[in-house]
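Enquirer: One point on numbering: in our numbering, the residue at position 94 of the sequence shown is 370, and numbering is uninterrupted.
Calculated from the structure, these hints are not laboratory results.
Heads up, a few of these hints could be off.
Unchecked claim - Here are the simulated lysine-lysine pairs, DSSO-like style, with alpha carbons at most 27 Å apart:
1. Lys320 with Lys305
2. Lys305 with Lys337
3. Lys337 with Lys376
4. Lys371 with Lys320
5. Lys371 with Lys337
6. Lys371 with Lys297
7. Lys297 with Lys337
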Amino acid sequence: LGIGGAFHDRIRGLGTGLDEKWSAREAAKHMHDTNAFTANEIRKVYDMIMGTVCGVNPDGKFYQLAVTHLSRLLADADLSNLGQPFDHMMDRGMKMWGEKHSGVLPETPSDRLDYLRGQRAFLGSHAYLTQEATQLFPHKEASIQQLDLLVLEQGAAA
Numbered sequence: 277l278g279i280g281g282a283f284h285d286r287i288r289g290l291g292t293g294l295d296e297k298w299s300a301r302e303a304a305k306h307m308h309d310t311n312a313f314t315a316n317e318i319r320k321v322y323d324m325i326m327g328t329v330c331g332v333n334p335d336g337k338f339y340q341l342a343v344t345h346l347s348r349l350l351a352d353a354d355l356s357n358l359g360q361p362f363d364h365m366m367d368r369g370m371k372m373w374g375e376k377h378s379g380v381l382p383e384t385p386s387d388r389l390d391y392l393r394g395q396r397a398f399l400g401s402h403a404y405l406t407q408e409a410t411q412l413f414p415h416k417e418a419s420i421q422q423l424d425l426l427v428l429e430q431g432a433a434a
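Please construct the entire structure, taking both the sequences and the accompanying hints into account.
Expert: Structure below.
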């Protein structure tokens, strides 16, 4: 889990699935080069990192590819910001938005409203995969309520 966490998101900006694939390959290469890990251990770390791939289906539902308990733990840690207090979650969300939009943050009222609606939809469709995460990151429902209020306020002002 420690190696997966250290190498996960090592490569960023290539796109969904590609960041994880390159990060997993780099972890596997470094593990292999040490001659300290079996092929099975290397594969476990590779699969764990690939389990953090996530996205949104055409029907708008969030998905993650994690299938093993270790990959679920890593995937939940990857999105731990969703269950952090509202200000932290929003700050991290804005940073991620900026990464995906070449550093441009939502500036117009319409863009901000779209951003808030997107955050609300994302939070509403996401579910942690482990009981550990729901206990460690308990603020998601409160953030959803705050986003609902902001969307109403911003929508009324637009």
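Enquirer: All hints, please: hold or fail.
Expert: Verification of the supplied hints:
no., hint, verdict
1, Lys320 with Lys305, "holds (13 Å)"
2, Lys305 with Lys337, "violated (34 Å)"
3, Lys337 with Lys376, "holds (20 Å)"
4, Lys371 with Lys320, "violated (30 Å)"
5, Lys371 with Lys337, "holds (22 Å)"
6, Lys371 with Lys297, "holds (22 Å)"
7, Lys297 with Lys337, "holds (23 Å)"
Violated hints, listed in ascending order, are 2 and 4; each of the other numbered hints is respected by the structure.
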